[in-house]
Structure formats: structure tokens, C-alpha cells
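Peer 1: Here is what each chain is made of, one letter per residue.
2 protein chains.
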Amino acid sequence: MSDTGKSVYRLPEGSKEMKDLLGGKGAGLAEMSRLGLPVPPGFIITTEACRTYMRTGELPEGLMQEVAVHLRWLEGETGKCLGDPENPLLVSVRSGAAVSMPGMMDTVLNLGLNDATVEGLAERTGDARFAYDCYRRFVQMFGEIVLKVRAHSFEEALDDLKRERGVEQDQELSAEDLKGLVRAFKGIVEEATGRPFPQDPEEQLERAVKAVFDSWDNERARAYRREFGIPDDLGTAVTVQAMVFGNMGETSATGVAFTRNPATGEQGIFGEFLLNAQGEDVVAGIRTPKPLAEMEEVLPRAYGELLRVMQALEREYKDMQDIEFTVERDRLYMLQTRSGKRTARAALKIAREMAEEGLISRDEALLRIDPKGLNQLLHPHIDPEARLEVLARGLPASPGAAVGRIVLDADEAERLGEVGEAVILIRRETNPDDVHGMIRARGVLTALGGMTSHAAVVARGLGKPAVTGCKELEVDPGAGEIRLAGRTFRAGETITIEGSTGRVIAGEVPLVEAETNEDFEQILRWADEVRTLGVRANADTPEDARKAREFGAEGIGLCRTEHMFMDEGRLEVMREVILAEDEAALDAALARLEPLQRGDFEEIFAAMDGLPVTVRLLDPPLHEFLPGSEKLKQSIAGLEAGGGSPEDISGLRRQLKAVESLEERNPMLGLRGVRLGIVRPEIYRMQVRAIAAAVKSLGERGRNPVVEIMIPLVGFPAELKETRRQAGAVLEEVLGEENSVKIGTMIELPRACAVADEIAQEADFFSFGTNDLTQTVCGLSRDDAEGKFLPEYLHRGIFENNPFETLDRRGVGRLVAMACELGRGAKPSLKLGICGEHGGDPESIRFFQGVGLDYVSCSPYRVPVARLAAARAALTERRDGGERMYDGGA
Amino acid sequence: MSDTGKSVYRLPEGSKEMKDLLGGKGAGLAEMSRLGLPVPPGFIITTEACRTYMRTGELPEGLMQEVAVHLRWLEGETGKCLGDPENPLLVSVRSGAAVSMPGMMDTVLNLGLNDATVEGLAERTGDARFAYDCYRRFVQMFGEIVLKVRAHSFEEALDDLKRERGVEQDQELSAEDLKGLVRAFKGIVEEATGRPFPQDPEEQLERAVKAVFDSWDNERARAYRREFGIPDDLGTAVTVQAMVFGNMGETSATGVAFTRNPATGEQGIFGEFLLNAQGEDVVAGIRTPKPLAEMEEVLPRAYGELLRVMQALEREYKDMQDIEFTVERDRLYMLQTRSGKRTARAALKIAREMAEEGLISRDEALLRIDPKGLNQLLHPHIDPEARLEVLARGLPASPGAAVGRIVLDADEAERLGEVGEAVILIRRETNPDDVHGMIRARGVLTALGGMTSHAAVVARGLGKPAVTGCKELEVDPGAGEIRLAGRTFRAGETITIEGSTGRVIAGEVPLVEAETNEDFEQILRWADEVRTLGVRANADTPEDARKAREFGAEGIGLCRTEHMFMDEGRLEVMREVILAEDEAALDAALARLEPLQRGDFEEIFAAMDGLPVTVRLLDPPLHEFLPGSEKLKQSIAGLEAGGGSPEDISGLRRQLKAVESLEERNPMLGLRGVRLGIVRPEIYRMQVRAIAAAVKSLGERGRNPVVEIMIPLVGFPAELKETRRQAGAVLEEVLGEENSVKIGTMIELPRACAVADEIAQEADFFSFGTNDLTQTVCGLSRDDAEGKFLPEYLHRGIFENNPFETLDRRGVGRLVAMACELGRGAKPSLKLGICGEHGGDPESIRFFQGVGLDYVSCSPYRVPVARLAAARAALTERRDGGERMYDGGA
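From first to last, the protein sequence lines stand for chains A and B.
Following the UniProt record's numbering, the numbering of the first sequence begins with 1 at its first residue and continues without gaps.
Following the UniProt record's numbering, the numbering of the second sequence begins with 1 at its first residue and continues without gaps.
Don't read these hints as lab results, they were simulated from the structure.
Warning: the hint list may mix true and false statements.
Any copy, or any two copies together, can satisfy a pair, since identical chains are not distinguished.
[As the list claims (entries may be wrong)] Quick list of in silico lysine-lysine cross-link-like pairs, DSSO-like style, CA-CA up to 27 Å: (1) 631 with 16; (2) 696 with 16; (3) 210 with 341; (4) 16 with 210; (5) 210 with 162; (6) 631 with 657; (7) 6 with 318.
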């Protein structure tokens, strides 16, 4: 029961604010009635009644009596009577949840027809064909939806009839034909259910209400809710309205329309209509509807009315509306209004223009745009209109789409890429030896590896689309071919990948290029005025840094130095560093690496001149820079068999020994980050020297490098103290005691959160590494979970979201909040940021706003998303009074 | 400066409570003086003065003036004067820290001698030989300790002289010889330092004081402190006393004694003495001392006095005392008293008998015994007297020691073991295929693997000693030999391993068998009366369960079901379960496994009849039950080369595919624990059915099984809810709705701690899995850290303790405390336990007492340790008023 103790609302009772109780459709109808717009009379059974039904399996006590009262009113209103053979009332029974789930739930039209009332309807309208058209539609709909008879049986009977009559279109069937069809349909129902088609309109109504309630829980509705994160316990409302008929001849019609163009956002109404049809004909696509503008010619009165109504609705809702209407004998009836779905491009234009028109405020404009949608504009993507042959799906490892020829070898990819050939590099998995090929490829596809695999991380760093962990992919470089979902493709054939969705598609597919425009820029300028969170970018290269600055980044929150070691020519030197057998060899190798690092730093600092750059010292375990032991063993066996030189063989053996000694069972939890800084301090020292030298050189040239050094994986305050001491000594040596370089740490271990007060004593700043923090807090390896059991966990609702995409607020969030509180408690000046992938996720940004971070940092392409999301978070927080997010719902 | 503003205390000022300021030796001397026992007059320079010296590098201002005042007093007291050639005062300058660090710091005796005073001493005592003996000792000691002249030079000169004179013993040298020796020694000093030996006694004293202060920071003292966890900033006191001489002829002597036997704890004094000698002769072992009892004959008066003094000291200290004394011309002087070190066996007897004598309370008796010492009594260990050739050290993976013939193959180990041969199974690393051999071996040694490797876990489960991760070990099964630290041993040769320490020793070494006795039992009975924490055991087999009950376990806190799958004959079935390709095959394999599990459970529940048994459902990732992919590839290659049957080859290929699909980058964070229960629910269902059937069958036979089912690795409440629902349904099916089986979870992920309130809603109990919790909180893989960078972290003091042995209180502890608070807050009846290895660690037990757990659970052999430690924790808590341990120091 609702709060007011009743289960039924009679139009125009209710308003647009009452979606939770009346459903979106019901609230829209109530609002339109309230505004005096033409709405067929009717009433709404509440979602509360549905919830009771779901809980108990029974309709709420007294519901049908309540419905009966309103039915009597409806009969009075229309002058017709349900079941009256003389003047029958027909009603529509429609579903409508608080959250729009288009097409997911069921609707029954023309309810009230039976063998007697159909005759009355024919009589009354003088149109037997119309009456039997309604009846056959009703029997089929009621049969399918309420009685669960297979749709196929009805369709077959209709097709048989049309074949028999030699016609193509339903409208070409005569009244007699339709009468026969009704008989056939009733026979189908009786055969399938063992009982004749129900003739009692009251029974029809009760069963239809139940069926609509039931449809809340059908398979496709549940799947839809899972997909869009809609709770399962909301339930649907049921709207019962007097039928109006778009199929009552050539002055009748039905249609859908938008108050602005949903694809481009441009002003002016936009829609389609069908003459002499009921709504489901538009949806089913049986006949091709006409552009709305043409309605002006055939139904000028109704068209004029429609324009006025749509204008009124947009003014009232202050948003672009998506409406459904019916014209019955030249008279307009509104059947639905709701905020229209739109492309990202349209969303930006509409919001901007409505704000400029003064219809909504700028803040409201910002709240209207889904930040995630901006991604569409920032990466090339597959043309939504294109016909696709999707062969397989992998993990959406790096966004964007790419078309190119299949190449199975990094050298070949480099060679072809250099001469301008578009290629997709396809490997079982990638490793540092593949990077030069990845650089020249348009995109990368791998069979193994998760969202944090080598391929994924490097591709994101390079800004190239990548699909990883594609289980249906088998790569056979020996044979020069791949197998994908049972089909074989040879190297050189063309393929398309979409890293934003993980799709792998045969052949060449048209792409839509990335495109930003003035709407985009204007909205982001407004966002910048509102937001309180800083937005930085994760960028490892000068190109990334420049791109990030273009997108409005206010600094670099994470510059991963290890990627600088992966480039060609450098990897070899890094290997020398790792394999050095004495101090002299080590020093020599480091001395070669240092100027390369310094050069990178200079370029990056210069690109970000005046803005902070947070450089993270070496993080990954050293074995990531070495070839795999498998491969080395093969090489050794090959040399031995082929008479390789003893020096070469012993060199490889030495490498193999080093690789094996560095192998780890759980590299995620092994010798990496600050642990390397402690155990092999010479690498950190070299890196700090390179940073200091770059700062010095730029300073001398009148530039303003603002640098922060970040120590990764600190769990124990003594680790930071020790590395800070060492780094500080090097900085002082190069830059003098009064240098401005800050030293801080990543917070990416639960222990770091627990002792954040102690760590804060040693740190100028914290940056939350929420990727690794999620892995350790949840005890969940992203590589091992994604593409394996994580989908099942999402499917079963054990995870509400992928915790690597949207921050796990209750778990990880609690520790983040704890660290903020302890850290700031110990050192109020502590700067707090986040540089995990969550830094670009709008939902997570809301959380970061809540715990009071200073900035978020994300990949350059997500910077605009983050700017908008941060603005929205600031607005929401202002509205909700800055509640403590981490204590809220998950 | 001390609180009272002075740096020097004059005997009998001070008392035994003032160890921190006066050092152990100084406080003991003060106490003895206070009691009127014969102590040479003297004074003590405080540890505070030492700390100032360490901080500033200078003696505290005014210290030497203060010393001078007390020297004047000492001269008055003795009637002698420092530096007076007529009647010289000689003093000893001894180190003495608050915590005993025997032999680690320096002492200078006979200070005050120079070329003039030595003559006076000879005159006065009428014994020139004695005087020059003192002088040569002083020059050497002062030379070595203060002037840093190499000891070797002095020893060589002495040896040369003895050779020249043709004598063996120092005492056989004449006064003239010694006089010449002094000259030689002074020459050595002058040559080494470039200056003559200092003749000014005041200078000698100041330099000696500084040297003793310096000795606090010498290499070996620092190493000792690291080893025993003594802080580096305590500093040492310096005791300056008038010399008494045990080397003044045949009525003089020096000796050490214990008030009870430190090896057995038996009553009656026990010690050794040397006639006509100074203290360092006893320590240096130059002459062989005589049993103390013989002193009664030669020095009856002094002996009688000694007995009385020792009795008084034991009464005063209420503990067994370790004393040093000197007899000068038949007069007894006490030089030191302290609580004596003792074996575990002696500790038990002494504490028990002192309590029974009424000298101390039972509580005090419990506080006197180091629980860790009990380990010695519970496992065979290497005879401490044995001469060893330690070849290498690995990780102390499973306690105890074993001697046996080297065997490199599990089948061979089984074969020889079955005929009663003692063998040590040596492998590069073990896997499930080796278990049958491990069962029959006396001990296990591996080259790879950490404290949680397969070898370590299985050996601990079997109660067999194991050394893992022995880096110096190379195993070559092909050649039938191993290499250890450069030496080669063939299979069949004898070797000894000690799993308690990780030592690997050549040949056969005598072992001391485990031995408990009535003292042990009595002390533990007293402990049981005092403790409030329950003590359970981790036990996976009926034998373990029985052993645990014998040792006083009050239940099983962790019964790991996976080990039941590792036994021969079962592993194959488990593999069938994992590799089953359809439901029928799966059901068939599970149906074979179920009765085996049920049989195990029946035996274990029966062994623990009436006591709770917590059964953990399957935890490890499935690939742990499968052969490695390397090995499979080899087998396939072998079959292919050798013409194996196509069926065998394709069977292995299927296995290989399954193995590869289950391989994980970070198995620690992968598909295991409850995740398996969700994704492959059939295994958990089978396990619960087996548990329920065992409960039912025992109940029907009048037994009283008390069973708790534990779900591992829960991080999300929904995981527990889902598996609990499934398990509950099976239990209900077999045992009816009113069954008493409880269902709870392990708390071993940081997320579980953060959402413990929500998890508590679904749980009857929590058991903290502190092994995995430590790994995830610290982001530290035990396998990868131990034997790799963890030792370096300990060495550098970044870790104060190995966090896998002693709970990391600040980090892991904070989360444990959080989980207790949230869990109990949400459900006050929630039972809380811990089943990680920390459950047997006394220091950790103190913490668990502090956060209010109900019980700890540890391996059977550690149950007595835990009982005692729990009693001590309860006593400490009572004394300290139940402070919140987790907020205390690390």
C-alpha cells in the first residue's frame, strides 16, 4: 500500500515528481493531464501494489474492488461500458516503471473485446474491418502476454492467411479475412491452454494486470536491470486508459517524436508517424513510418496541436522530450512523455543551448550530461549504423577502434607501420620485446591477459585501441594465421577491433572519428568554474603530456618511469642494469640510462611547464624487463643444437639464471616498488639524479618545472623514510638544499591506509593507487579475475560493479577514507590525490569529492570526463550537504 | 643527566629496581650492598651519562669532576690512593646495560697501575709476581680495549715467552718473566699507537670510561641487540670498583655459580672456581675450572659464606641467581648477581618448585617461563653439545630435527620408509605427486619454496621436520646426487636437517628426543586455570586431532579439507573432479570422493568428541591439485616421441588445456576459497554432505560431534550469504532443520575487516586467517619475500619482526581490531578466533587477548606454548588494566 493507503491514482491526480509510485509513464500522463493537455482518461495502479504482489504472489487485498470503482468512473467519463455489447469500453493496460526500461515489459491493448463487444464496436464505428482488426490484435497480445502462447503460432496463421489471399500488407486483408483470423487465433489459444479464450472483460483486466506485474520479473527485464544497475525490487506501475485508435481510418495515426533532434541536438521537432495504425506497428517496424514533417500536410489540425503540446512539455520539463501520440479521427491524444535519450553530441548541444536560452541554469546543464558519454566523442568508434559481423569479444583494454591488416609479429608490424600501412598486431600475449611493433600498429589484439596485462597497459599508454584476453582467439604465428570463433584468417587479411567494447569484427568497418566541438568546450569551461577537485592526467611521454594539457589537465598526477625503459634501445640497457654482475658494470649501464631518462623528463616537464608533474620511481618487478624463462630455454636449446658460440650460450645461461632467481609466485605482492628502492637503491638514485638534472637544466633556461617524486608501494613508514632520505640527498647534491621538489608516496596497500598517520610524517603528498589498492583490499588479482570469474560475480550480483572500474566504496573506500583522515590528522597540509583508473570514473569521482581529495588523475583522454564529473560531484555535494560518501550505500 | 641531576651513584645507593639507570650489574651490586653482602666499594656511572655521550660524542659536562669526588671517597674507604706509589688503589671499570648482553661489551681490570704503582703494589703485597701479573694483564686489556691494539700481538709475545721459558701455564712464569713481558707489551702499545703507554691513572680512568661507553656500539653488541630485539638507544652504565684479587696466591680464587642447576633446574648450588686467578681466566677457558663443591675443601670459610650469600640472594630475588665472586686471601667478595639463564626444562622445574616452596606465586611462576622455550621440549632437536658441520641454511619450514639417508624420489622414499629405513626426501620443490613419499620420510629438504610452499605446509601437517628454500642446494635426480655448498652428496649418504632452525648438516648428528614431564604438565595446569583465551589446534588428520587433544587443545580451530585430497588414491579422483567434462563425469567423481571425506570427518570428529571442530571448505586454487604444465608438456613430448597411444596423448592434452586455463599470475589473489564455492558450487556441496553425514552417523552412535563449517576468503557479504544458503540447504536435507552445525567465515582479506559488520550478519563466527591477512594487508607474498628481501628488511630494521611469525600489530592488527569491533557491534554473540600461524606466537597471543578474541588455534605442537602464552597474556592484561593493544607500539 502507498503512504496514502490507496493503490490506484485517477488522472489527473499525481505529477511528474511521482515516478517512484506511478512509474515514468504514469507520472508523465498525470503531469500532462494536470497541464490540460489531451490525454485519454484513465487511472494508474501503483508500483507499491506491484511490490506487494511480488512479495506475496497475490494482488493486494481489495485492489480489484478499488479498480472497479475507477472503472465505473472511466465508464462515466467516456460514456462507454466495459463488456457492453452496445457501446463497449476498450482499455489499454500498460507497464511503466520508475526507471525507463524501453520494451522490456509488457502491454495489452484493446482489452474489453470479446465475441459480443466486437460486434458492438463494429456497429458503433461503422467499421467492421477496424473492429476485427482490434480483436485479432487483442487475442494475439493477450494470448502471448497473459496466456503465454507462443507468438510464432499467431504469426504463422497470419502469414498463411496473407499467402492464401495473395496480399503483402495486413491492411489489405478484409473484415471477413480478419474475422476468420480471430477464429483461427482463438483456436490456437484453446489448443495451447486447453480452455477457450476468456470472454469476461473483468477477468481479462485482472489477468492483464497480473501479467504486467509479472513482466517486471521476466528474463529480459532482469538482464536489462543488471546491465544498467537498476534495483530488482522497484516493481512496475500499471496504467489503465480508455483506448484511442490510430487505426480508425485515414484521419487517424500514431507516432513518436522528440522535441529536439536526439542525434545532433539541433532545435526543431523530430519524429515519425504512421497513418491508420496502432502504436505497436511503429515499434514492430512492419510498415515504414513517415517523417513527422509530412503530417502537416495530411493532418494539419492535429499537427498544429502537436507542436503546441510539445513546446509546452519542453517548457514544463525543461528538457528534450520523447513523446508518443495517437490521432483518432483527427483528434490528438498524448500517450507518453519522457526525457529523451540522446547522443553525447546532442546532450552537449541541448544542455548548452537550454542554458543559453535561460530554460535551465548552467549547473543544471552540467547535471544533464552523462560524463561517460563524452568518451564517445574522444575516441574513434564504430559507426553505430554499420552492419557488423562480431566474431568475438575480449576485454575492453584500451578505448577507441581501429581497422587494419592482421600482423602476427612485432618486427613486421613495425616495418609495415613505418611505410604507412594500417596494421593490427595480434599476439597470444605481448611482452617488452613487442613494444616497437605496438608503437607502429593501429591497434593490438591478444588472446591472453587482462585489463592490466602488458598489452593493455602499454596500449593505453600509447593511446591505441586494444582488446585483450580474447578467449576465442588462437594465434598460430608458425602457420601465419589466427583462428577466431571457428574461422581462420591469414596474416594480411583485414580486421577491425573496438577497444572501448572489446569487440572483434571481421573485415573493414566504417569508423566515426573522434570529434570535439564548441558545445563540448563550452560545457567543460562551465564545469571548470564549478568544480573544486583538481584534474590531472596520467602521462608517461611528452606526447601524452601535451595531449593532456590540450584536454585541460592541470598537471600530471602519475608519470610512470618504467615505460621509458621499454622503448627500443633502452630495454637492452635496462637488462644490463638488472644483470650487472659487479658494481662497475652496473654503474656503466646506469650511466647510459641516466641521460635517456633525463631527456624524457626534460621534455615532459617542459610540456607541463608551470604545472605539477608527479614522477613515480620504478615500480614493476624487474623480471618484467627480462625475457621469459621459457623463451630463454628455447633460445639456449636452439644455440646448442645449432652450434652457437660458447660465449653466447653462457651469456644466455646467465640471463636464465637471473630470470629464474627473479621469478615470483605472486609478482603483484613481490619485490617491486619501494622494495626495489630499498634492496637495489642504485636505480632510484639514478632516476632521482635524472629528475634533478632535468629540473636544473630547465630552470637555467628560465622555465618553471614543478616536480613531485612519488615512491610506490610503501606499507611501512621506514620504507619511505629511507628512500626519501636517499632521494633527498641526491636532490640536494644537484639542486642545493633549498630545492622545491616534493617527495610523497602512493597509497596502494591496506597497511599504508592503516598507518597513514605515520606515513604522513614522511610525505609531502599521498596519491591513492586505487588499482593496486583494490587488488590488495579485495585480495583480487585483476589479471586473474577479469575474463574469468569476475563476469560471473557481476552476473550473480555479488559485485554490483566491476571494482576495477568503479571504486568499491564500502570496502576500498573505507580504507581510503581512513587514510585521508589519519593522514590529514597528522599533517593538515598533506596534499591528497588519486591516480588509479578510478580517477576517470564519474561514480568514483563523486566519492573522491566526498572524502576531500585535492585532485584526481586519469588518462589524458578521460580528462574531459573527469572535469565534467568533478563539476557534477561538486554540485551534488553542495546539494546534499557534503555527506560522508564512504558510509553511504555501495 | 638522570632525574636527580647526578650521573654517579655510590654503593650502596640504588637497588635492584634501578636497572635502567645503573645497568643490571650496577643494580645488582647496589642491591647486594644494601643487603649487607660483601661487595667491594665503588660507584656507578649511569646509562644516562652514556646516552649523553652517544648523542654528543662528549662525556657529560662535569662528569669527571663528579667521578673525582667519588674516587676521593673510595680512596678514603679503602685507605689507598689512585696513583700513589706507596699504596696504590686499583679499580675495575666494567660495562653493564639494563638488559644482559653477556660478553658483548668491554671491561678493564687493574686500572691504576703504572711503572711506579706496580712497584708499590709488589711492596705492599710482598708479591712481585702478583703485581707484575696484574700489570701485564692491565697493559694488555687497556691496550686492546681502550687503545685498540690487536690482541694477537700480546698473545704472540706471551706465547713466545712461554716457549722461551719452556713452560705451559702462565702461572709458571716468574716475576722477572712477567716484568719482561710488561716491557714487551708496552713496546707493542707504543709501536701501535705511536705513544708510550699512558702512566697517569686519572687519564687511564677517563679513557676507560669512554671506551666502555663506546663498546655499547661495537659491531658484536649491535648484532646481539638486533638478534634479541634490544633497542639501540639504552646505553650502558659503568661500574668502578676497588679491585679485589683472586690471583693473590693459593687462598685466593675466582668463580661463577648458580643457585640452582641451570640445565636441569634441580636444587643445590652449581658452579665452578679457579684458585689463584682473575675472573677473565674462567671466562677465557685458559685453565680448566673445578666444580664448586671442591671449594669447600680448600677454602671452607669462604665457601660457607658463599652458600649463605647465595641463599640470601635467591630469597631476595625470588629467582635462580647467576653470580660471580672473588676470594681474596680467604675473604669473599661478590662481583655480580643476576637472574640466571636456564634451559626450558630447568625453567619449568625452578618455577614450579619455587611456587610450591611458596617463594613465588603461581602467577609469578607462569610469568617466569618463556613460552617459546617449550618448543625445545616438544620436538627432537640437535644435541646442543654436538659438533656440527653446518653445510647450509634454508627456511625453518617445519620444526624438529631428523637424520636419514638422502633420497631424491618420492617412490623410493616410500619404498625405503616402508621397510623402516630412515630417509630424508630431497627435492627441488614438492608437489602433490610427492606426498606419499613425504609421509614415509623422516624429513624433507627442498631448494625452492617458502614457509607456505607445498613442502612446508604438508610437512607441518604431517608433523615432520622440513627445511625449504635452501638456496645453496642443487638437486640433480638424473645424476642421483645433490650439491650443497660446493660439496656433492650421493643418494644413500646420510644427512641431518633441523627444521626448527633451517640448518642442513653433513652426516649423522646426535638428536635429543622430545620430552615432557610432570613439571611441564603442572605448569600448564596452572596456566589453564589463569587463561581466558581458549586454545584450539589446527589439525587435518585424525592423528593430528588426537595429538592435539593430548596437548590440551580444546577443539580444532582449523581443519583444512584440501589436505584430504592430497593423499594417494584421492588425488586422482580430485583431478577427475576438476577435469570432468560433463555433469555425469563430475557427479561420478564427486560420488567417489564423498565417502572418503566422510570417513576422514568421522574419525576427526570422533577424536574431538564433545569439542568443537571448525572445518574449512576447499580453499586453494584448483591448479594446486594438477600436475604442472611444464611436466605435462614433457610427458606429451615423451609419448609422442615414444609412440604413445593417441588416447593417452589426447588425454594429456586435455589435462594440459585445463591446467593452462587454470594458471594464474597471482594465485594468491585468484580463483580460490569462497570464489570456488560460488563458481563451482558442487565441490562445496559434496563437502558439506560429507560433514553432515559424518555428524549424523556419529550422533546415531551416541557420540557428540560439535561442528562448525568455515567459508574461506570471504570479502563480500553476498559471497557468504550465497554459500551459507547452499550449505544450509544440504545440512537441512541430511540433518533436519534443527541441526546444530554452525556456519562462519575466515577473515583474511582487508575488505572483510572493513565490512565486518555486514559479514557478521551472515556468520556465526569469525576466524582470523592472519597468514593471508598479513599477505594482503602488507601486499607481501610470503613465498616471494621470505628468503628473498625479507631478511634484508629485518636486517635494516624496516621490519621489527617477521610479520608472518609475530603479528604486525600496527598494520594487520589495526584491521583485526576494526573487524572485531564492527563484527561484535553488529552481532554481540559472534564468536571470534584466529587460526593463522600467529595463533602459536606468544607476542601475538598478547595482542589477541587485548582485542578480546575467544580463542587461538595453532599447530598441535604449539598448543602447550599457546596455553602458557595465553595465561601470561591474561596476567599481563590484568596487571596493565586491559589496555587496547593495537594502539600500542609495534
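Peer 1: Within a copy, between copies, both or neither: where do residue 210 and residue 162 come within 27 Å Cα-Cα?
Peer 2: neither (34 Å within a copy, 115 Å between copies)
Peer 1: My question is about residue 631 and residue 657: at a cut-off of 27 Å on alpha-carbon distance, are they close within one copy, between copies, both, or neither?
Peer 2: This pair counts as both: shortest intra-copy Cα distance 13 Å, inter-copy 20 Å.
Peer 1: Using 27 Å as the alpha carbon limit, work out where residue 696 and residue 16 are close: within a copy, between copies, both or neither.
Peer 2: Neither way: residue 696 and residue 16 sit 63 Å apart in one copy and 61 Å across, limit 27 Å.
Peer 1: Checking an output row: residue 210 and residue 341, CA cutoff 27 Å. Within, between, both or neither?
Peer 2: neither (29 Å within a copy, 85 Å between copies)
Peer 1: Quick one: residue 631 to residue 16, C-alpha cut-off 27 Å, is that within a copy, between copies, both, or neither?
Peer 2: Neither way: residue 631 and residue 16 sit 66 Å apart in one copy and 68 Å across, limit 27 Å.
Peer 1: Checking an output row: residue 16 and residue 210, CA cutoff 27 Å. Within, between, both or neither?
Peer 2: within (25 Å within a copy, 88 Å between copies)
Peer 1: Between residue 6 and residue 318, at a C-alpha cutoff of 27 Å, which is it: within one copy, between copies, both, or neither?
Peer 2: Intra 31 Å, inter 84 Å, cutoff 27 Å: neither.
Hint compliance for this structure: hints 1, 2, 3, 5 and 7 are broken, all remaining hints hold.
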